[in-house]
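All chains, please: the whole structure from these sequences, using the hints.
Number of protein chains: 2
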Amino acid sequence: MALFGGIEAGGTKFVCGIGTCPDDLEVHSFPTVGPVESVRQAIQFFQDKAGSRLAALGIASFGPIDLDRTSATYGYITTTPKTAWRNFNLVGALSTELAVPVMFETDVNAAALAEAEWGVSRDVEDNVYITVGTGIGGGVVVKGEAVHGLLHPEIGHIRVAHDLDKDPFIGSCQFHGDCLEGLASGPALSQRWGHPPESLPATHPAWELEAHYLASAIAILVYTLSPHRIILGGGVMQQEALFPMIRRNVVRFMNGYIAKPQLREEIDRYIVPPGLGRYSGVLGAILLAGRCRQRPAAQD
Amino acid sequence: MALFGGIEAGGTKFVCGIGTCPDDLEVHSFPTVGPVESVRQAIQFFQDKAGSRLAALGIASFGPIDLDRTSATYGYITTTPKTAWRNFNLVGALSTELAVPVMFETDVNAAALAEAEWGVSRDVEDNVYITVGTGIGGGVVVKGEAVHGLLHPEIGHIRVAHDLDKDPFIGSCQFHGDCLEGLASGPALSQRWGHPPESLPATHPAWELEAHYLASAIAILVYTLSPHRIILGGGVMQQEALFPMIRRNVVRFMNGYIAKPQLREEIDRYIVPPGLGRYSGVLGAILLAGRCRQRPAAQD
Numbered sequence: 001m002a003l004f005g006g007i008e009a010g011g012t013k014f015v016c017g018i019g020t021c022p023d024d025l026e027v028h029s030f031p032t033v034g035p036v037e038s039v040r041q042a043i044q045f046f047q048d049k050a051g052s053r054l055a056a057l058g059i060a061s062f063g064p065i066d067l068d069r070t071s072a073t074y075g076y077i078t079t080t081p082k083t084a085w086r087n088f089n090l091v092g093a094l095s096t097e098l099a100v101p102v103m104f105e106t107d108v109n110a111a112a113l114a115e116a117e118w119g120v121s122r123d124v125e126d127n128v129y130i131t132v133g134t135g136i137g138g139g140v141v142v143k144g145e146a147v148h149g150l151l152h153p154e155i156g157h158i159r160v161a162h163d164l165d166k167d168p169f170i171g172s173c174q175f176h177g178d179c180l181e182g183l184a185s186g187p188a189l190s191q192r193w194g195h196p197p198e199s200l201p202a203t204h205p206a207w208e209l210e211a212h213y214l215a216s217a218i219a220i221l222v223y224t225l226s227p228h229r230i231i232l233g234g235g236v237m238q239q240e241a242l243f244p245m246i247r248r249n250v251v252r253f254m255n256g257y258i259a260k261p262q263l264r265e266e267i268d269r270y271i272v273p274p275g276l277g278r279y280s281g282v283l284g285a286i287l288l289a290g291r292c293r294q295r296p297a298a299q300d
Numbered sequence: 001m002a003l004f005g006g007i008e009a010g011g012t013k014f015v016c017g018i019g020t021c022p023d024d025l026e027v028h029s030f031p032t033v034g035p036v037e038s039v040r041q042a043i044q045f046f047q048d049k050a051g052s053r054l055a056a057l058g059i060a061s062f063g064p065i066d067l068d069r070t071s072a073t074y075g076y077i078t079t080t081p082k083t084a085w086r087n088f089n090l091v092g093a094l095s096t097e098l099a100v101p102v103m104f105e106t107d108v109n110a111a112a113l114a115e116a117e118w119g120v121s122r123d124v125e126d127n128v129y130i131t132v133g134t135g136i137g138g139g140v141v142v143k144g145e146a147v148h149g150l151l152h153p154e155i156g157h158i159r160v161a162h163d164l165d166k167d168p169f170i171g172s173c174q175f176h177g178d179c180l181e182g183l184a185s186g187p188a189l190s191q192r193w194g195h196p197p198e199s200l201p202a203t204h205p206a207w208e209l210e211a212h213y214l215a216s217a218i219a220i221l222v223y224t225l226s227p228h229r230i231i232l233g234g235g236v237m238q239q240e241a242l243f244p245m246i247r248r249n250v251v252r253f254m255n256g257y258i259a260k261p262q263l264r265e266e267i268d269r270y271i272v273p274p275g276l277g278r279y280s281g282v283l284g285a286i287l288l289a290g291r292c293r294q295r296p297a298a299q300d
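So the protein sequences, as listed, match chains B and F.
The opening position of the first sequence corresponds to residue 1 in our numbering, with each subsequent residue numbered one higher.
The opening position of the second sequence corresponds to residue 1 in our numbering, with each subsequent residue numbered one higher.
I should point out that these hints are in silico values taken from the structure, not numbers from a laboratory.
Nothing here was measured: the structure is a model prediction, and the numbers come from that model.
Be careful, since some hints might not be right.
Below are the DSS-like pairs computed for lysine-lysine, each with C-alpha atoms no more than 30 Å apart in a straight line [said to hold, decoys possible]:
#  : chain 1 : residue 1 : chain 2 : residue 2
1  : F       : Lys260    : B       : Lys82
2  : F       : Lys13     : F       : Lys49
3  : B       : Lys260    : F       : Lys143
4  : B       : Lys143    : B       : Lys260
5  : F       : Lys13     : F       : Lys82
6  : B       : Lys49     : B       : Lys13
7  : F       : Lys260    : F       : Lys143
8  : B       : Lys166    : F       : Lys166
9  : B       : Lys13     : B       : Lys82
10 : F       : Lys166    : B       : Lys260
11 : B       : Lys260    : F       : Lys82
12 : B       : Lys143    : F       : Lys49
13 : F       : Lys82     : B       : Lys13
14 : F       : Lys166    : B       : Lys143
Right, here's the structure in full:
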């Protein structure tokens, strides 16, 4: 029987999986190291577990990546702050070795697709999936399809209002200083407070500030993309106290302008954790691998 | 022969049109007054010019509006700051009197669709159309279709970074104070500088600040919607000196993060004025009226 493979290539770890859906999934994770060694470990997993039965592979990668099949650098990770990975041909490295069709997508677009297919967005046509971890990224599904446009969404790099009197931390993004990622990613929290986020108790003032920035970004997403649901995942969001704080701030920022119950009494079902837990990304990659097999003539 | 009608219901003026495309268009404009009198004048125009030959009508309206056909308030203008228009059933008022199928869309989504069909976005699949005038609004086309989602984009209300030391104006938006519309709409310019924008010379410092805010919003749109083109129209954009200032600021804000020529050497073709001049909105309304006739079973 043919098997589908998926890789979530994240900034912190690689998650490799084989399967067809959340109930039929075998995964293997390892910390992200350099590109050559990370790819070697992924190939090893697929060769050991699937061998010649591997029919197609989906890759859900951190970005920015080149998704334009007409481009000379299609399949590359491009201007990432992670210098070892800059201009690395991820699709090329994997497809050469595994000799199967490869689908390429951002980690967060793949996660948004998986949540739409199997997770917490099955009942709506559009959603945004935001991961808050080593970096901040956002995937966008509109009418059931991932949005690419000119490049692909890079939601972590939007600039949010930053009051230097209240928060003198100048931000950790090497491209933009105090963009959302520069103010609210895991490394930003570590640098601002001197402790990694997982060591900060739920009552620490770090979380109220974090919720303020994430809610600022979510309000912007409501005004630009108007999604039916917003999903927040990633390591930093393991602090569950963030959810009610974020929801409260979003309602306050909108100030009743968008007269929809989702932004008032139903906000608990509007801003939610992933339905697929830590496997949204790798399941999205597997979903794309399956679609590639089903629709070989329309791989875009 | 059947005729298609379109209305751009704007905050400043109503533009009524009959025709099929930019080369076949008869328009009549009048200043927006209260809803009853504005609707009366529009009906008069269509009865005089088309009579029983009017086959369908498109309405491109300022917002927020209710586009959900399953809603009890479908066809209404909802939480607009223009109190006389709040909770007004615009579609109902026009369809009752004219007795033709009516298509409803935001003014800016309609303009974005018209620019995609006949204007400056014919060569790409997605665009954002922003109007800067009495208010600020943005329409979004993804893969050839207008984005609605939960409501519809309300790009004027995104919050941009606002340095009160450099710009102590607190903003004019009655919902959010210093959101983009509160800082950069025509009324915001008039209040901040004591003169209406059309009376400010191209060398006035108002324009550098205006370009800064609009570029801040455009950078956010690149990171969220990733459009292939951004079109800037509306009364304030008649100050043509704004375009090079905005482009320069966008390149600076992005800081090379999105490695695409559109955001570097080709930015003059990325951020552009409308190809259809002041008629993008009414032409979008006519486009929708024509589609309604062609696809009566799929009006959404």
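| task | Go through the numbered hints given earlier and state which of them the structure violates, listing their numbers in rising order. | result | Structure breaks hints 10, 12, 13 and 14.
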